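Protein sequence lines correspond, in order, to chains A and B. Per the numbering used here, the very first residue in the first sequence carries number 1; after that it's consecutive. Per the numbering used here, the very first residue in the second sequence carries number 1; after that it's consecutive.
Simulated from the structure, these hints should not be mistaken for laboratory data. Since the model is a prediction, treat every value here as computed from it, not as a measurement. Be aware that a few hints might be false.
Below, computed lysine-lysine pairings styled on DSSO-like, alpha-carbon distance capped at 30 Å [unchecked claim]: (1) A:Lys19 / B:Lys109; (2) A:Lys19 / B:Lys99; (3) B:Lys79 / A:Lys22; (4) A:Lys19 / B:Lys45; (5) A:Lys36 / A:Lys22; (6) A:Lys36 / A:Lys18; (7) A:Lys36 / B:Lys99; (8) B:Lys42 / A:Lys19; (9) A:Lys41 / B:Lys79.
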Amino acid sequence: ETGVTQTPRHLVMGMTNKKSLKCEQHLGHNAMYWYKQSAKKPLELMFVYSLEERVENNSVPSRFSPECPNSSHLFLHLHTLQPEDSALYLCASSLGTSGRSGELFFGEGSRLTVL
Amino acid sequence: RKEVEQDPGPFNVPEGATVAFNCTYSNSASQSFFWYRQDCRKEPKLLMSVYSSGNEDGRFTAQLNRASQYISLLIRDSKLSDSATYLCVVNMATSGTYKYIFGTGTRLKVLA
């Protein structure tokens with residue numbers, strides 16, 4: 001069993017749809033992250049949660065809405081997306097959010113296509 | 001200046017070659033350093049953490065130079081399976097919080 005699991009792995013949606021991405025970590029970590037990776041671009045940090053509290057919102061448009069009901073689960077709710085939002089969305093977790101929290105563990109990602 | 005900078009490559013090298021990647025970071029208060037490997041259309045996976053004393057794992061050696069603010073990755077005896085994108089990651093303090101900042105990645109292609 002992988003430490004961080006994401007569902008769905010692939011998602012195709014229209015611009016008027018509402019969908020959600022789900023992430024679950026089984027590592028006992030306290031911090032969870034959403035990253036976006038567009039084609040040929042570096043990973044962009046979207047949101048950081050520490051102990052279920054959002055500690056970072058990296059100027060992400062409001063059509064992306066995160067939710068962290070507990071330290072093991074993280075959601076990304078999507079609505080009225082644009083085609084340029086098509087990307088690989090990666091969830092990650094770490095021990096904490098200090099400078100010495102060890103490495104990031106990634107899920108396999110959710111590949112989103114917006115038509 | 002970007003917070004974490006890498007040469008995007010691609011580096012095309014023959015099997016058996018030695019190849020080195022460098023990465024520079026902007027914030028001297030950075031605490032932790034990592035090299036990740038990312039295969040096409042897959043998630044990044046930790047290759048190795050980087051320590052001040054330098055560390056080695058088989059054919060891979062990582063070094064940290066805090067004074068010059070760069071980290072390096074050396075791959076010896078390259079294999080075809082080493083072909084991937086190598087991401088430099090720095091855990092640095094920005095605006096009062098620590099964040100994992102990724103470089104753009106360096107693409108390596110090992111040729112038969």
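Results for each hint:
| no. | hint | verdict |
| --- | --- | --- |
| 1 | A:Lys19 / B:Lys109 | violated, 37 Å |
| 2 | A:Lys19 / B:Lys99 | holds, 27 Å |
| 3 | B:Lys79 / A:Lys22 | violated, 36 Å |
| 4 | A:Lys19 / B:Lys45 | holds, 27 Å |
| 5 | A:Lys36 / A:Lys22 | holds, 14 Å |
| 6 | A:Lys36 / A:Lys18 | holds, 18 Å |
| 7 | A:Lys36 / B:Lys99 | holds, 15 Å |
| 8 | B:Lys42 / A:Lys19 | holds, 22 Å |
| 9 | A:Lys41 / B:Lys79 | holds, 26 Å |
When held up to the earlier numbered hints, the structure conflicts with 1 and 3 and fits the remainder.
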